[in-house]
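J.: Listed in order, the protein sequences are those of chains V and S. For the first sequence, the positions run 75 to 291 when our numbering is used. For the second sequence, the positions run 75 to 291 when our numbering is used.
The hints are simulated quantities; they were obtained by calculation from the structure and are not laboratory data. One or more hints might be untrue.
Said to hold, decoys possible - Residues from chain S that face chain V, not an exhaustive set, calculated with beta carbons under 10 Å:
1) ALA142
2) GLN145
3) VAL147
4) LEU151
5) ARG152
6) VAL155
7) ARG230
8) GLU233
9) ALA236
10) GLY237
11) ALA250
12) ALA251
13) VAL255
14) ARG262
All C-beta atoms in this analysis are idealised placements derived from N, C-alpha and C, irrespective of residue type, glycine included.
Protein chains: 2
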Amino acid sequence: MREVFQQELREVQERLIEIADLVEIAIENATLAFNESNVALADQVIAEDHKIDSASHALDELAINILARQQPVARDLRIVVSALRISASLERMGDLAEHIAQLARYRFPDKVVPKSLRDTFYELGTLDIAIAKKLTALLRSEDIKLAEEIRNDDDRIDELHAGVFDTVLSDGWKGAAVDTVDTTLASRYHERFADHAVSIAKHIQYLATGDFVGSDA
Amino acid sequence: MREVFQQELREVQERLIEIADLVEIAIENATLAFNESNVALADQVIAEDHKIDSASHALDELAINILARQQPVARDLRIVVSALRISASLERMGDLAEHIAQLARYRFPDKVVPKSLRDTFYELGTLDIAIAKKLTALLRSEDIKLAEEIRNDDDRIDELHAGVFDTVLSDGWKGAAVDTVDTTLASRYHERFADHAVSIAKHIQYLATGDFVGSDA
Chain V
75 MREVFQQELR EVQERLIEIA DLVEIAIENA TLAFNESNVA LADQVIAEDH KIDSASHALD
135 ELAINILARQ QPVARDLRIV VSALRISASL ERMGDLAEHI AQLARYRFPD KVVPKSLRDT
195 FYELGTLDIA IAKKLTALLR SEDIKLAEEI RNDDDRIDEL HAGVFDTVLS DGWKGAAVDT
255 VDTTLASRYH ERFADHAVSI AKHIQYLATG DFVGSDA
Chain S
75 MREVFQQELR EVQERLIEIA DLVEIAIENA TLAFNESNVA LADQVIAEDH KIDSASHALD
135 ELAINILARQ QPVARDLRIV VSALRISASL ERMGDLAEHI AQLARYRFPD KVVPKSLRDT
195 FYELGTLDIA IAKKLTALLR SEDIKLAEEI RNDDDRIDEL HAGVFDTVLS DGWKGAAVDT
255 VDTTLASRYH ERFADHAVSI AKHIQYLATG DFVGSDA
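Chain V on its own, in the form it takes in the complex (with noise of 0.2 Å):
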């Protein structure tokens, strides 16, 4: 029975994995539709948003169905359960590279920011897409380092955001309503997508270590 657990555990595992994969694939082909203005590409994230989502949904399945036959208690209980709390995540994060694309393909055939921002935003998209291969080798790899990372990752998105707000509110900014408006919500979409790898990262370090680091972002 136990055997059959922890089989049943490496699958949750190779699942989220999966679904990770995905999301990975998903804020790549986001930024670059986003910061090159593909609109192929940006239909791509779009079209192929719902693997994520049938994906997580099929996950939560089998995690409420190992509840059920397994009735696991103590650290495989939290497993199980975080295990449902990441894949939360990762469809939210699905989502969030899906609007990103959305407001390169509504652009189309211009780019969403204005030149004096596009720096800024490569760099958020570097940085979202380096945070989702962390997580999957975090996922894979269970190594607390790479946690640590991506909080890094994530403060370092912070700043930027922040210093979003400061150009568009500047005097400086001579950017259009139209500007203003999809540079915040891409902005924003960059932040949250960080925000769930952090929450992510913060259940995971909490299965390896047992001591949870701080509230869920």
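With the hints as your guide, set chain S onto chain V.
T.: Chain S only, in chain V's frame:
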């Protein structure tokens, strides 16, 4: 044992209602602070958000404890898992009410949105408050008619949210960048607040009827 379990489920339900009550107070005060530039009320919402966070985490611990001790299966298991999800959404709704209060606070003594959009935001706030009240009643009664009403209110919020963008992006929009940013964020917070309520309503409806209505918001 069965009786103890039923008693514990009632405890879970009571706690969810308590958190929903706190969320209801938060969105009422945040909306009033937002509409009337009431900085003291905004501060109160911000200062009290931790109560929602703590209550939500305490409920999560209770739910995990019940899973460990009572080992529920079938519908009983789904009730406890749903409680975890409802708790996460309520916590997030509290955060969004806090964000609305923060906008009021930052702009004080000015109002957050220009005159031309005040009626729209008055309606958005009124609908979010109504939704929060219906959610508390739904958690109390499992009266599925309320879930339907929450979905209808959410449809109206989506319309208003789209209308905000139409206004901001129209030629007639004379708002400064700060108005555009705050209006965009405020509208998005109201819309997400309602989305979480719809997601909770779906969980309750699923538990009451066995039919899951669409995918998670």
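J.: What are the numbers of the hints that this structure violates, sorted from low to high?
T.: Hint check: 7, 8, 9, 10 fail, others pass.
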